[in-house]
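Number of protein chains: 2
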Amino acid sequence: MGCGLLAVLAKNGALIADRSGRDFQVVTVSARDKNREREADISAYEWHDDPLQLADPQKVDVVVELIGGAEGTALDLARAALSKGISLVTANKAMIAHHGDELARLAEQSGAVLRFEAAVAGGIPIVKTVKEGLAANRIDRMHGILNGTANFILTLMEDSGASFDDALGQAQALGYAEADPSFDIDGVDTAHKISILTSLAFGAPPSMDLPIEGIRAITDIDIAYARELGFRIKLLGIARITDDGKLDQRVHACLVDANETLSKVGGAANAIEAHGDFVGPCMIEGLGAGAGPTASAVMADLIELARGNRNSTFSMPASKLKPLPLLETGTRRGEFYVRLRVADKAGVMAEIASALRDEGVSVERLIQRTRASDDSVHLIMTTHQTTEARMQAVLSRFHKIDDVLDTPCMLRIEPI
Amino acid sequence: MGCGLLAVLAKNGALIADRSGRDFQVVTVSARDKNREREADISAYEWHDDPLQLADPQKVDVVVELIGGAEGTALDLARAALSKGISLVTANKAMIAHHGDELARLAEQSGAVLRFEAAVAGGIPIVKTVKEGLAANRIDRMHGILNGTANFILTLMEDSGASFDDALGQAQALGYAEADPSFDIDGVDTAHKISILTSLAFGAPPSMDLPIEGIRAITDIDIAYARELGFRIKLLGIARITDDGKLDQRVHACLVDANETLSKVGGAANAIEAHGDFVGPCMIEGLGAGAGPTASAVMADLIELARGNRNSTFSMPASKLKPLPLLETGTRRGEFYVRLRVADKAGVMAEIASALRDEGVSVERLIQRTRASDDSVHLIMTTHQTTEARMQAVLSRFHKIDDVLDTPCMLRIEPI
Numbered sequence: 000m001g002c003g004l005l006a007v008l009a010k011n012g013a014l015i016a017d018r019s020g021r022d023f024q025v026v027t028v029s030a031r032d033k034n035r036e037r038e039a040d041i042s043a044y045e046w047h048d049d050p051l052q053l054a055d056p057q058k059v060d061v062v063v064e065l066i067g068g069a070e071g072t073a074l075d076l077a078r079a080a081l082s083k084g085i086s087l088v089t090a091n092k093a094m095i096a097h098h099g100d101e102l103a104r105l106a107e108q109s110g111a112v113l114r115f116e117a118a119v120a121g122g123i124p125i126v127k128t129v130k131e132g133l134a135a136n137r138i139d140r141m142h143g144i145l146n147g148t149a150n151f152i153l154t155l156m157e158d159s160g161a162s163f164d165d166a167l168g169q170a171q172a173l174g175y176a177e178a179d180p181s182f183d184i185d186g187v188d189t190a191h192k193i194s195i196l197t198s199l200a201f202g203a204p205p206s207m208d209l210p211i212e213g214i215r216a217i218t219d220i221d222i223a224y225a226r227e228l229g230f231r232i233k234l235l236g237i238a239r240i241t242d243d244g245k246l247d248q249r250v251h252a253c254l255v256d257a258n259e260t261l262s263k264v265g266g267a268a269n270a271i272e273a274h275g276d277f278v279g280p281c282m283i284e285g286l287g288a289g290a291g292p293t294a295s296a297v298m299a300d301l302i303e304l305a306r307g308n309r310n311s312t313f314s315m316p317a318s319k320l321k322p323l324p325l326l327e328t329g330t331r332r333g334e335f336y337v338r339l340r341v342a343d344k345a346g347v348m349a350e351i352a353s354a355l356r357d358e359g360v361s362v363e364r365l366i367q368r369t370r371a372s373d374d375s376v377h378l379i380m381t382t383h384q385t386t387e388a389r390m391q392a393v394l395s396r397f398h399k400i401d402d403v404l405d406t407p408c409m410l411r412i413e414p415i
Numbered sequence: 000m001g002c003g004l005l006a007v008l009a010k011n012g013a014l015i016a017d018r019s020g021r022d023f024q025v026v027t028v029s030a031r032d033k034n035r036e037r038e039a040d041i042s043a044y045e046w047h048d049d050p051l052q053l054a055d056p057q058k059v060d061v062v063v064e065l066i067g068g069a070e071g072t073a074l075d076l077a078r079a080a081l082s083k084g085i086s087l088v089t090a091n092k093a094m095i096a097h098h099g100d101e102l103a104r105l106a107e108q109s110g111a112v113l114r115f116e117a118a119v120a121g122g123i124p125i126v127k128t129v130k131e132g133l134a135a136n137r138i139d140r141m142h143g144i145l146n147g148t149a150n151f152i153l154t155l156m157e158d159s160g161a162s163f164d165d166a167l168g169q170a171q172a173l174g175y176a177e178a179d180p181s182f183d184i185d186g187v188d189t190a191h192k193i194s195i196l197t198s199l200a201f202g203a204p205p206s207m208d209l210p211i212e213g214i215r216a217i218t219d220i221d222i223a224y225a226r227e228l229g230f231r232i233k234l235l236g237i238a239r240i241t242d243d244g245k246l247d248q249r250v251h252a253c254l255v256d257a258n259e260t261l262s263k264v265g266g267a268a269n270a271i272e273a274h275g276d277f278v279g280p281c282m283i284e285g286l287g288a289g290a291g292p293t294a295s296a297v298m299a300d301l302i303e304l305a306r307g308n309r310n311s312t313f314s315m316p317a318s319k320l321k322p323l324p325l326l327e328t329g330t331r332r333g334e335f336y337v338r339l340r341v342a343d344k345a346g347v348m349a350e351i352a353s354a355l356r357d358e359g360v361s362v363e364r365l366i367q368r369t370r371a372s373d374d375s376v377h378l379i380m381t382t383h384q385t386t387e388a389r390m391q392a393v394l395s396r397f398h399k400i401d402d403v404l405d406t407p408c409m410l411r412i413e414p415i
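Residue numbers (numbering that gives the first Met the number 0), protein chains in the order written: chain A, 0 to 415; chain B, 0 to 415.
Derived by calculation from the structure, the hints in this document are not laboratory data. There's no promise every hint is true.
Repeated chains share a single entry, so a pair holds when one copy, or any two copies, can fit it.
[Unchecked claim] Under the rule of at most 27 Å between Cα atoms (straight-line distance), these lysine-lysine pairs were calculated in the BS3-like manner: (1) K245 to K10; (2) K321 to K10; (3) K10 to K319; (4) K263 to K344; (5) K33 to K399.
Given the sequences, and given the hints that come with them, work out the whole structure.
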């Protein structure tokens with residue numbers, strides 16, 4: 000990551016000096032292993048084994064933190080820099096999502112600036128867009144594809160008919176997924192990002208108090224039926240303010256209308272849509288990860304610092320951020336997709352229909368198809384509007400039916 | 000337009016004060032007719048019949064210019080404000096495209112700031128994205144749908160099979176096109192916008208020295224054949240730097256691969272894609288016109304002024320802007336689409352084929368179809384890569400063939 004930034008300075012340094020009015024000088028660096036083979040030559044810079052030594056106001060104006068992790072060295076370094084009045088540029092979504100409020104206060108107290116464009120959607124300047132470009136608007140909704148790894152896997156399943164495991168394996172082989180892919184495919188990375196966007200858009204401190212589901216339960220069967228029903232399956236981060244002022248913030252795989260632009264965002268791309276009361280919908284799409292896009296975003300923050308632009312960390316001073324009341328998950332209304340595998344026997348359908356009737360959930364579409372390989376049957380249904388609570392009640396009823404063979408798969412249909 | 004801005008302040012004033020750290024006060028206003036019926040009550044503000052009276056540094060920090068027009072009152076007001084050190088926020092693309100260089104110098108001399116987010120693509124913060132979000136990148140290409148009226152007409156022709164005249168009539172009836180639609184449909188408005196983006200991206204003063212074609216010559220036949228060939232027709236503003244450092248800046252209707260995101264941008268929406276050397280491609284889409292989106296962009300500029308952000312007018316100081324050598328239009332290479340109506344006679348095809356052979360243009364696809372209504376024949380062809388000069392030579396040869404019945408229609412196939 001640090002080498003990407005050095006590459007930007009090496010290639011575009013003169014242009015950046017024209018644009019920012021300042022020359023950038025790398026003074027001192029630190030990393031886990033000084034002698035690791037690197038793309039950039041770092042021998043000209045002062046080296047510290049202890050990253051905390053970088054936070055020396057006699058030597059540096061800005062610390063760039065590209066370590067990662069919500070706690071540990073990254074957080075220690077951020078606290079050290081900001082408390083001494085040294086501005087901090089970071090790509091660390093976990094740290095900002097978990098400790099952004101504290102760090103914003105530290106920055107304000109010392110007169111430092113905290114910037115994190117690279118923390119959300121990589122090279123896409125979505126932090127700037129929300130904080131500045133759309134600053135005249137009351138934003139009531141944001142949603143987006145915020146994790147390129149998960150989108151790559153879902154797109155591969157879509158395009159090739161691959162199973163989840165095969166697609167994950169290919170993503171790992173191609174370097175799109177890490178050996179331990181859980182942050183990406185379990186939705187945690189998306190949750191970090193949407194919680195930061197929530198803070199920027201709605202004036203609340205970032206909070207990780209939200210329901211998070213990933214994409215491990217999605218099968219090639221779901222991909223195929225979703226397509227048949229006119230949808231694509233996308234892992235979305237969603238944050239919206241309900242009519243009564245509550246925050247509905249969540250991460251899960253959704254069925255998205257196949258005609259929507261967002262459902263056509265393929266591969267490792269990211270895309271985010273924001274709705275403002277004056278601007279209407281505004282969508283931005285690009286590369287959400289990788290050394291080049293990350294360095295582009297980190298350098299953009301450094302250029303803004305050089306230009307003297309000192310916006311508040313989260314759109315407004317930390318003292319003005321107010322936690323929002325959360326929407327109780329069970330009360331959220333929506334339409335749902337359910338896939339069941341059931342034994343091909345008389346009476347199963349009656350049990351399923353009873354469960355739906357008893358919980359007051361009405362079915363919009365039903366597809367029943369016998370599997371070739373055994374004598375089980377796939378039942379795919381989409382519901383009319385109902386609440387999450389009723390849907391959960393239906394699912395636990397389904398689960399208790401002996402002839403429902405696997406754990407039911409439920410996905411939300413997200414109108415965007 | 001002014002009323003849109005007053006509506007933003009009335010609805011979101013408190014939120015904007017939190018975000019910007021300043022209260023905004025409207026002090027004095029001017030317009031052509033004081034007593035015209037308006038959506039906003041302006042009776043509380045000091046009125047001037049003469050807009051130049053607004054430029055009074057004793058009374059105002061910023062003048063907002065929403066008059067329009069490259070010259071005249073708008074330019075007089077801009078010069079008056081900026082020369083007195085009063086910052087200017089404007090939505091006036093014509094004025095910035097024609098006089099941006101002079102106004103940027105005026106602003107720098109007096110210490111004022113000139114901002115024009117609303118001048119390009121309405122509510123979409125593309126000026127900020129290029130100037131700031133992508134500031135670390137050497138941008139080598141930008142292209143976009145920058146005129147909602149033209150895109151609305153093309154989308155309507157696409158969706159309904161309407162002729163150009165019918166689609167224009169509907170656009171006028173619905174308020175998407177003005178009574179005199181020439182700026183929109185002849186590409187001039189798009190040219191203003193792309194010339195501003197060129198300046199921001201490539202460090203040149205804005206220049207209107209570029210080839211401009213609009214959409215009047217596009218027929219429902221072209222729309223249908225383009226679709227058959229796997230394309231959509233879009234009016235694009237394009238600006239790119241060639242490998243040898245020349246500026247290729249132009250506005251015309253193009254055939255765009257139907258699978259590209261840009262070709263799916265329908266109705267009155269705008270979308271712009273920029274390619275940077277580190278960020279890769281980045282696309283932003285939203286509403287390019289209307290009172291709400293325009294007010295959103297104007298207010299965003301005002302908020303940045305309130306926050307004290309003082310970036311250069313065109314990404315870098317005016318003294319550093321350098322005109323770029325222009326690509327000679329004839330040398331530009333590309334693929335082309337041509338539609339001819341010819342008499343259904345022996346020998347016509349031989350004449351056409353000779354013209355193509357003599358000029359060294361080779362055909363990639365050819366569709367010949369007899370019209371039901373008369374005994375003429377449509378010949379639709381796409382070419383392999385050739386130069387614009389050769390293509391123009393072919394067209395003038397076609398034009399001289401007696402049995403070529405109408406002026407040939409030529410469109411460029413734009414790889415994006």
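> Given a CA cutoff of 27 Å, do K321 and K10 count as a within-copy pair, a between-copy pair, both, or neither?
Replying inline: Between. Shortest inter-copy distance 20 Å satisfies the 27 Å Cα cut-off; intra-copy 42 Å does not.
> Checking K33 and K399: alpha-carbon separation at most 27 Å within a copy, between copies, both or neither?
Replying inline: neither (58 Å within a copy, 73 Å between copies)
> Between the shortest in-copy and the shortest cross-copy C-alpha distance, which are at most 27 Å for K263 and K344: within, between, both, or neither?
Replying inline: Classified as neither: same-chain Cα gap 39 Å, cross-chain 46 Å, threshold 27 Å.
> Between copies, within a copy, both or neither: which fits K10 and K319 at Cα up to 27 Å?
Replying inline: The answer is between: 19 Å across copies meets 27 Å, while 41 Å in one copy does not.
> Under a CA distance limit of 27 Å, which applies to K245 and K10: within one copy, between copies, both, or neither?
Replying inline: between (47 Å within a copy, 20 Å between copies)
Violated hints, in rising order: 4, 5; the structure is consistent with all others.
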